[in-house]
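Student: Residue numbers (numbering that gives the first Met the number 0), protein chains in the order written: chain A, 0 to 341; chain B, 0 to 341.
Keep in mind that the hints were calculated from the coordinates and are not lab data.
Glycine included, every Cβ here is placed at the ideal spot set by N, Cα and C.
Don't take every hint at face value.
[Said to hold, decoys possible] Computed, partial: chain A to chain B, Cβ under 8 Å:
| no. | residue |
| --- | --- |
| 1 | GLY41 |
| 2 | PRO45 |
| 3 | LEU46 |
| 4 | GLN61 |
| 5 | GLU65 |
| 6 | GLY68 |
| 7 | GLN75 |
| 8 | GLY95 |
| 9 | PHE115 |
| 10 | HIS220 |
| 11 | ALA221 |
| 12 | ASN234 |
| 13 | LEU259 |
| 14 | ALA261 |
[Claimed, not checked] The calculated lysine-lysine pairs, modelled on BS3-like cross-linking and capped at a C-alpha distance of 25 Å, are:
| no. | chain 1 | residue 1 | chain 2 | residue 2 |
| --- | --- | --- | --- | --- |
| 15 | A | LYS33 | A | LYS273 |
| 16 | A | LYS262 | B | LYS326 |
| 17 | B | LYS262 | A | LYS273 |
Protein chains: 2
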Amino acid sequence: MALTISIDAMGGDFGPLVTVPASLECLKENTGLKIILVGDQGVLKPLLLDVIAHYSGRLSIQHASECVGMHELPAQALKNKKDSSMRVAINLVRDGVADACVSAGNTGALMATAKFVLKMIPGIARPAIISTMPSIHGHTHALDLGANVDCTAEHLFQFAIMGNELVKAVENIARPKVALLNIGEEAVKGNDQVKTAAKLLENSSLNYVGFVEGDSLNAGHAKVDLIVTDGFVGNVALKSIEGAAKMIGHSLKASFSKNLLAKLAALIAYPALKSFKHRIDPRLYNGASFLGLRGLVIKSHGGADTLAFKTAIKLAEIEVRKDVIRKISEHVEQALVTGVRS
Amino acid sequence: MALTISIDAMGGDFGPLVTVPASLECLKENTGLKIILVGDQGVLKPLLLDVIAHYSGRLSIQHASECVGMHELPAQALKNKKDSSMRVAINLVRDGVADACVSAGNTGALMATAKFVLKMIPGIARPAIISTMPSIHGHTHALDLGANVDCTAEHLFQFAIMGNELVKAVENIARPKVALLNIGEEAVKGNDQVKTAAKLLENSSLNYVGFVEGDSLNAGHAKVDLIVTDGFVGNVALKSIEGAAKMIGHSLKASFSKNLLAKLAALIAYPALKSFKHRIDPRLYNGASFLGLRGLVIKSHGGADTLAFKTAIKLAEIEVRKDVIRKISEHVEQALVTGVRS
Numbered sequence: 000m001a002l003t004i005s006i007d008a009m010g011g012d013f014g015p016l017v018t019v020p021a022s023l024e025c026l027k028e029n030t031g032l033k034i035i036l037v038g039d040q041g042v043l044k045p046l047l048l049d050v051i052a053h054y055s056g057r058l059s060i061q062h063a064s065e066c067v068g069m070h071e072l073p074a075q076a077l078k079n080k081k082d083s084s085m086r087v088a089i090n091l092v093r094d095g096v097a098d099a100c101v102s103a104g105n106t107g108a109l110m111a112t113a114k115f116v117l118k119m120i121p122g123i124a125r126p127a128i129i130s131t132m133p134s135i136h137g138h139t140h141a142l143d144l145g146a147n148v149d150c151t152a153e154h155l156f157q158f159a160i161m162g163n164e165l166v167k168a169v170e171n172i173a174r175p176k177v178a179l180l181n182i183g184e185e186a187v188k189g190n191d192q193v194k195t196a197a198k199l200l201e202n203s204s205l206n207y208v209g210f211v212e213g214d215s216l217n218a219g220h221a222k223v224d225l226i227v228t229d230g231f232v233g234n235v236a237l238k239s240i241e242g243a244a245k246m247i248g249h250s251l252k253a254s255f256s257k258n259l260l261a262k263l264a265a266l267i268a269y270p271a272l273k274s275f276k277h278r279i280d281p282r283l284y285n286g287a288s289f290l291g292l293r294g295l296v297i298k299s300h301g302g303a304d305t306l307a308f309k310t311a312i313k314l315a316e317i318e319v320r321k322d323v324i325r326k327i328s329e330h331v332e333q334a335l336v337t338g339v340r341s
Numbered sequence: 000m001a002l003t004i005s006i007d008a009m010g011g012d013f014g015p016l017v018t019v020p021a022s023l024e025c026l027k028e029n030t031g032l033k034i035i036l037v038g039d040q041g042v043l044k045p046l047l048l049d050v051i052a053h054y055s056g057r058l059s060i061q062h063a064s065e066c067v068g069m070h071e072l073p074a075q076a077l078k079n080k081k082d083s084s085m086r087v088a089i090n091l092v093r094d095g096v097a098d099a100c101v102s103a104g105n106t107g108a109l110m111a112t113a114k115f116v117l118k119m120i121p122g123i124a125r126p127a128i129i130s131t132m133p134s135i136h137g138h139t140h141a142l143d144l145g146a147n148v149d150c151t152a153e154h155l156f157q158f159a160i161m162g163n164e165l166v167k168a169v170e171n172i173a174r175p176k177v178a179l180l181n182i183g184e185e186a187v188k189g190n191d192q193v194k195t196a197a198k199l200l201e202n203s204s205l206n207y208v209g210f211v212e213g214d215s216l217n218a219g220h221a222k223v224d225l226i227v228t229d230g231f232v233g234n235v236a237l238k239s240i241e242g243a244a245k246m247i248g249h250s251l252k253a254s255f256s257k258n259l260l261a262k263l264a265a266l267i268a269y270p271a272l273k274s275f276k277h278r279i280d281p282r283l284y285n286g287a288s289f290l291g292l293r294g295l296v297i298k299s300h301g302g303a304d305t306l307a308f309k310t311a312i313k314l315a316e317i318e319v320r321k322d323v324i325r326k327i328s329e330h331v332e333q334a335l336v337t338g339v340r341s
């Protein structure tokens, strides 16, 4: 199946220096893939003179005269940057020219623009950001990782329905295990928001397994496929895990370089240390999907390098192939009409 | 200065098997320390026959006939277990017999009992749990780590005042850098709770440095001394970090045991790996203080081993010596009377 992905070529901390090589590598690896690089043609054309011919029809440039800054306010970007690389890349999804869009740009602006251009799936109140995290059991999907700062129980319930469809499609699991993030596993624990959401989920057709604590994101004692939380808590958890990994990596490096003997040991342990680094490489988990919209937008980490951005493009390829957006739309409609919560 | 600590000897997953050896080690290391082990004398006396004489007057047993279960509901423990080891240990603090109490028991029951027995510092609306976390810059204090599931901006402000006094006393810093945990560093980011708390802190005499994200708990780009958040978010962050560390440790172990060469490398790298393990050893960060009460109660992790429980007792020793509770009480009174928020 041929699929087309539009890339916000100017987005992220490194712009075309990362987005272009990552795109070229994906084109090389998947001959059924087409990529539209969206951005300043004055920058992109000279970079791509020879390769466009090489990929005969699979690679093209769509000019966009503006670029959204990494710290620009979402509302201002939406109002003032109608020809931004981000906006034009999303327009291509709306117009059916691209099947998905990938951007490493400003998260708030990307979400606001995607919501404005693509519109929400009818019945869904809020979009949510979902991603996967490595875990002892393989990996875990979690949402919302930062789209919403204040959620109701009903919002959490809708996130669970959307996330459940994504996990079903992407992982080929008939009934993913869905859990709510809380500060204890007992039913009496938590705030009103999670307690009410738990009741909604218990009465739904989802395979709801109860509350889990923060350690379940990476290392729960049992495998859970999807963890649901509000965007404030989810984002803090995600960043806390990033910080812990950074601190631990820093300590490991310091321990292996504190004297000559340790440095020698590091040389001998190099294959094991390399294998370890690969196992927990966050670049292999880059890419978060915006759920709740009538089109697929994947957000890459702003500081992504080529490997990380490639991971985000590959995530887009998978979700297009698995038809995730259509499945979510249909299921949400069904859930709201026939009542999942029977 | 002589100081006395009451130990809930029956609390935690391992009870006297951990609390007794940890207490004995602390007595050996600090000759100015007295310990009262609270619990079932039928269990404790046979264990301590010889050592009590050895520590002539520095070690004693206070009988308590009951024990609070790790999953018992706080309200039930409070109502039905008036002679629990936890309750009697806290009573000793209330009666001025002990300067602090250390327990590895059920957090909810310990908090409820401590609040009921010791009462709150006048003017403080909610107690909070504070602890330190290892970071690239040394360590960071953070609160609330789980006492409150729903906080207002005013609660966060009070947590900051209490935490600030603790950090000043324990770290000997005149003006600790205080930050609020948020999902972005820009002033526009976050929910109403943190935005309002930020305004209260900006107008206070505290050295408020702004918002930080979750990664600042372990690895922020700048050193912050105290991070303030509500108990739901703080607890999820804490547990997420625990899970990340567990997953990373698991991956490291797997990488160093996947074949004979890797196992050999692990032997050679043993000193470096041991130094690494020590650097991030969570047992060296065990112990959280309940702030807002008119007495000092330290909560140890339920699964603490002897080293970890020793760390919690040492934390109690430090906070008694630094007179943390009196300083918080005085400062809160001053803050409420003269208006810190001038």
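Student: Are the hints correct? Go through all of them and say.
Tutor: We went through each hint and held it up to the structure:
no.	hint	result
1	GLY41	violated, 31 Å
2	PRO45	violated, 35 Å
3	LEU46	violated, 32 Å
4	GLN61	violated, 30 Å
5	GLU65	violated, 21 Å
6	GLY68	violated, 12 Å
7	GLN75	violated, 11 Å
8	GLY95	violated, 34 Å
9	PHE115	violated, 18 Å
10	HIS220	violated, 10 Å
11	ALA221	violated, 13 Å
12	ASN234	holds, 4 Å
13	LEU259	violated, 11 Å
14	ALA261	holds, 4 Å
15	A/LYS33 to A/LYS273	violated, 33 Å
16	A/LYS262 to B/LYS326	violated, 47 Å
17	B/LYS262 to A/LYS273	holds, 14 Å
In summary, the numbered hints that this structure violates are 1, 2, 3, 4, 5, 6, 7, 8, 9, 10, 11, 13, 15, 16.
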